[in-house]
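Q: Letter by letter, the chains look like this.
Number of protein chains: 2
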Amino acid sequence: MTQQKTTTRKSSASRPATFSKQTLRVIPVGGLEEIGRNMTIFEHGNDIVVVDLGLMFPEEEMMGIDYIIPNMEYLEKNKKRIRGVIITHGHFDHIGAIPHVIHRIGNPPIYATELTKAMILKRQEDFKGQGSLNVRTIRKIDRIVLGSFKVEFFHVNHTIPDSIGVVLRTSIGTIVHTGDFKFDHSPVGDAPADISKIARLGSEDILALLSDSTNAQEEGYSISESVIRDNLDQIFLNTRKRLVVATFSSLISRIQQIAELAEKHGRKLAIDGYSMKSNVEIARELGYINARRSTFIDIRQVNDYADSKLVILCPGAQGEGNSTLMKIVNGEHRYTQIHKGDTVIFSSSVIPGNERSVQGLKDTLYMKGAEVIHYKMMGIHASGHGNQEDLKMMINLVRPKYLIPVHGTYYMRKLHGKLGESVGILEKNVFTGVNGQVIEFDYRGNGKLLTEKVPSSYVMVDGLGVGDVGNVVLRDRQMLAKDGMFTIIAIIDRKTKKVVGEPQVTSRGFIYVKENFDLVNAAKKRLKDIVMKSTSKGSNGTEPNWNYIKNSIRDDLGKFLFQKTKRRPIVLPVIIEV
Amino acid sequence: MTQQKTTTRKSSASRPATFSKQTLRVIPVGGLEEIGRNMTIFEHGNDIVVVDLGLMFPEEEMMGIDYIIPNMEYLEKNKKRIRGVIITHGHFDHIGAIPHVIHRIGNPPIYATELTKAMILKRQEDFKGQGSLNVRTIRKIDRIVLGSFKVEFFHVNHTIPDSIGVVLRTSIGTIVHTGDFKFDHSPVGDAPADISKIARLGSEDILALLSDSTNAQEEGYSISESVIRDNLDQIFLNTRKRLVVATFSSLISRIQQIAELAEKHGRKLAIDGYSMKSNVEIARELGYINARRSTFIDIRQVNDYADSKLVILCPGAQGEGNSTLMKIVNGEHRYTQIHKGDTVIFSSSVIPGNERSVQGLKDTLYMKGAEVIHYKMMGIHASGHGNQEDLKMMINLVRPKYLIPVHGTYYMRKLHGKLGESVGILEKNVFTGVNGQVIEFDYRGNGKLLTEKVPSSYVMVDGLGVGDVGNVVLRDRQMLAKDGMFTIIAIIDRKTKKVVGEPQVTSRGFIYVKENFDLVNAAKKRLKDIVMKSTSKGSNGTEPNWNYIKNSIRDDLGKFLFQKTKRRPIVLPVIIEV
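In order, the protein sequences belong to chains F and V.
In this text, residue positions in the first sequence follow my numbering: the first is 1, and each later residue adds one.
In this text, residue positions in the second sequence follow my numbering: the first is 579, and each later residue adds one.
Looking at chain F on its own, in the form it has when it is part of the complex (with noise of 0.2 Å):
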C-alpha cells in the first residue's frame, strides 16, 4: 500500500455553498444500525446522487407505527443539488420512503429497471394525494450522468428479478454499491448475476466498495433457487391433495415458480391477497411470469375444482393475524377454509419475532388435519442475500481499497468487515461507522471516516402523519397498553369552588368500572377530599392553583390504584369550573 500523506478537509455542519471537487463523501443514512430503511447519500463537489429510499418495518415498542424510513434532513436542505435518486431494486427496504419524502426533497429523477420501476409506481397509487412520480426507465447496459457522476449498473441475483447493483465514477475515484445480492448460477426465470462484467472493475483500481452485510452470519454460500425449485417439484410430485403455498408477497422469484410448477403438474393457481394479486399482475405483465393465462383461476373459482388439481398461493407465512392464510385457517375467508389433507408449504424464513405467531399456526394447521411443511424441514427457502462465501467472492471480484459494509446491524457488518479483512483489505480500509456518519474521500483517494454525522434519527409514520409521533406519544402508548387508563372529572363551582355533584370516572384498559364500584367510589372520594383541602387550605381570596390540585390528584390516585391493584394506569384528573 502506498498510503500517501493525507489532507484533512475541515467539515462543519455549515458547509460553504460552493463545493470542492476535491473531496467525494459518502453517507449511509440508513440501513447501518438495523435491517431495512436503506438510504445512501453520494456527494461530489456541487452535485448529490442518492441510492435507495427504503422504509423500515416497526418493533415491537414502537406501538402503532406503521413503519420507519430515513431522515431526511440533510436531503432537504440540499434538495437542488440532487441529479437523481437511484433504486437497486423493487422491495419496501428499498423503495417504501419514497411516497413519504419525495416530494419533499423536490422531487428529483428517480431511476429504476422495468420491474423496478412498476413496484414503485403501483406503490404510489396507494398515495393518490401525493402528486405524480418522474421515474425513468433504465436498463443494465446503460451509462448515465448524474451531474459529475457517471453512473453504471451491474445484474445481481435476489428473491425478486431486475435487481442491481451500481457502479459511481467521478474525478476522484469509482465506487461500486452492490444493493441486495447473492451469486445465482442457476436461478429461475433470471439471468446468473453479471459476474464478467463485475470482474472488470475488479481491473480498474476501485476506490470503495458498499456491500450488503444482511447474511454475513451465515457460513458458506447461499442456496440456488433452482435447488429449491427442484425440491419444491418434489413436493408437488408426491402430493395428491391440494397445495397451499404461504411466502412474502415481494418474492416475485418464488412466485415464478409456483406458477411454473402448477402448469407442469397440471394444477390451477388460485392467488389471494391484495399485494400478492397485484405483484403477480405486474410480474406476468412484464414477462417475469411465464405461465399460461388458463393456469390462474380467479379465488371465487377455488371450489370448481378438485383439491388434487389445486394451488393456492398467498401470503401469511408469518403468522399476520389479518393475512390470507390466516383466513383461511380460521374459516374466515369467504370462498375456502382448510380442507383435512391439505398440504401447507410456508415458503419463507421466519423473521424474528414472529416465532411464536408461526408456531401457533402451524399447530392450528396440524390440529385441522393439514400436513406442514417448513424451510427448516427442508430446502424450501433461500435467502435473497449473500452468504460469507458470496461476500468474499463480490470483493475479490471488485478488489476495492476501501470496504464499507452496509445494509445490517453493527455485528452483522462487523463480521462483513472481518470477511474482508480475511481476503486482503487493510483492517484501517474497513469503515463500520453508524447512520448519517460521513465517510469522505480526498483527491488522492485517501478515505476518512469523520466525527461529522448528519441527522439520521428514526423518522416514525403514522397513518398520515410522518415523524409527528415522538417519544412521548409512543411512551403513552406503551403506557396505555400495560395498565390501560383513568380519567376522572370534577366540576366545580367557581364561586364556592366545591366540588359539585359527583366526580365521573370513564376507564378504559384497567378495570371494570362496572364490577369495581367500591374502587371508583373510593377515588371519587379522595378527589373530593384534596379539592376540599386545597381550597379551604387557601381561601384567602386567591384563586385556587388548579394545575398543582390535578397533580396532587395524580399522584395521590396513581399511587391509590396501585395499590389497591398493583397496577398503574395513566390518570387524567380533568377538573372543570362551571
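Read the hints as simulated data drawn from the structure, not as lab findings.
One thing to keep in mind: the hints can contain errors.
[Claimed, not checked] Under 7 Å between C-beta atoms, here's a sample of chain V residues computed to sit facing chain F:
#, residue
1, Phe874
2, Arg934
3, Arg1055
4, Ile1067
5, Gly1087
Glycine included, every Cβ here is placed at the ideal spot set by N, Cα and C.
Could you slot chain V onto chain F? The hints should help.
A: For chain V alone, coordinates are given in the frame of chain F:
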C-alpha cells in the same frame, strides 16, 4: 394387543357425588397447547392428585398481563377431594401458579424435593398477604400414599437440580409422569438420571407415560452439561480481561458451573440481579453450589479487583429492558459498566420473540468494544429438555401401553407421538388431546380420550387481579396501544340543553394536542353541532337521549379523526349536565 370390550362410563359435567374406583382419569389442564402453565390432574375414585402448578409468560398481544395460569374451576369445585400437589422441580412453569391459587383449592399439602421446596417458599415471600403454605419435603427414595394413589419418584436431569419424575400407582394401573427431563450421563453438580429405576418400571406393565415434548422437534440426543462446562472452561482459559456471563436465574446448573470455574481460574464472582442472587443463596445454603465463600464478592466490590480477576454473573441474556445486563450495557448500573475488552457470554438460548432485542444488545456490546460469545457460535448452552433420542429412550425404558405427550404445543406433541409410534406404541394408544380434555382408563386398563373437557381457558394474572382482565380490557389495551385515546368532555346546561363554554379535550398516545389546535377545535365544533341538532330536534319537552347522542359523537369524531389522520384512537365522549 389383547384389546377387550370397553365399558364406557357416561361422563358428564355434573358427576355424581360418589366416584367409582373403576376408573382412573388423567386431565392435563395446562401445558398441551403452549410451553408453560403445566398442571395435570389425576383422579381415581374419590381422590385427586395434582402434578405441578405452573405459569406461562404472556404472548405479545396480551398487553400488560404478568402471566397466565391454569384454569382452576374444576379443582375448586372438587377441592375436598385433593389429596396432594406434587411439584416436579422449581421452575416457574411448574411452581408459578401456587401463590395465586393454592388457597382457592383448600391449601392442600404440596410435596417437593428440598431445592424445589426452597424455591416455592422463596416465591411465596413475594406474596406475603396470601397465607402460608403446607410444603412437605420428599426424598427421591420416598414412597407416599395420597388417598388411593401410591406415589414414588425418580431422579431426572434438567437445568435445575433435584428434578423428579413421578410414578402414580392405582388399582387400575400405574402412570409415569416424567416432568421436564433429559438424560445426562455426565451432569455437573448432579447425578445422572436414575435410569435403573426407570428401567425397573419397564418390567411392571406401565399403563401410561406422560412425557415432556418441549424438544420433540430436535434431532439426536441432548447435550451434556459437562460439554458446556468444558467449553466454558476453554473461554475462561483464553480470556485475559473481564468476563460477564448472562443467563437465566433459573438455570441453577449453569450458575453452579460458573461459580466452580471462577474458583478454578482464580477469579472472583460478583452476582447481581434480585432473583439471581436469591437463587444462588438458596443453592449455596442447600449445598448445590460447591465454591468457597471467598470466591463470591458483593457487586459493590466489583471495582476493587482487576478485570483479569473478575466474573460478573447476571440475568439479561434475552435483551430484557430492565435486566441487570442491560443496565450495565447502558451505563445505568450503579457499580459497573462495560469495559473495552470485556468478554460477554450469553449462556442461554433466545426465547422466540426476543431475537430482535438480543440482536440490539449484541450490537451495542460490539460498539462498546466488548467481545460477545453466543450459544450459536459454540456449545455454551444446553437445553434442559430431552431431544428425540432421549424421548425414544424414555419410552423404551418405561414401555407404557399408552403415551400421553405433554409440555408442548400441539405440533410438538404430535411429533412426540410419532416418535412413540416409531418405537412400538400403537397409533391408537397415543393421546394428543387438548387442554382440559379428559383421558379415562377403565378397570381393565383400556384408555379413551373422552370428548368431555374441564374448563381450561387462560386465566390472566395482572397485578393483584387473577382472572379479572378479560377480552374487553385486552382489546381496549390493544387499541390504546395502537392509536391512543381522545376524551372530549362537554358540560350541558340542564335547562337550556346547550353546551356551556368550550368542550375540553384530553388525549394520550394519539397526537400532541398542543400542536394540533385546528384538529382539536374542529372536533369541538362537531360535538357542539351534534348536541345542538339532537337537542333541538327532540325539543318537544322530552329529555334528550344522551346515550344516543354520545354514540353519535363517538361515531362522528371517530370517522373525522380517521379521515384527518388515518389513526383510530378510542374516542370517549363525556356529557355532564349541570
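Q: If a hint holds in the structure, say so; if it does not, say that too.
A: Structure-based check of each hint:
1. Phe874: violated, 32 Å
2. Arg934: holds, 5 Å
3. Arg1055: Given a least distance of 4 Å, the restraint on Arg1055 (chain V) holds.
4. Ile1067: Result: holds, 6 Å to nearest chain F Cβ.
5. Gly1087: This interface hint holds because 4 Å falls under the 7 Å limit.
Hint 1 alone, counting from the list given before, is not met by this structure.
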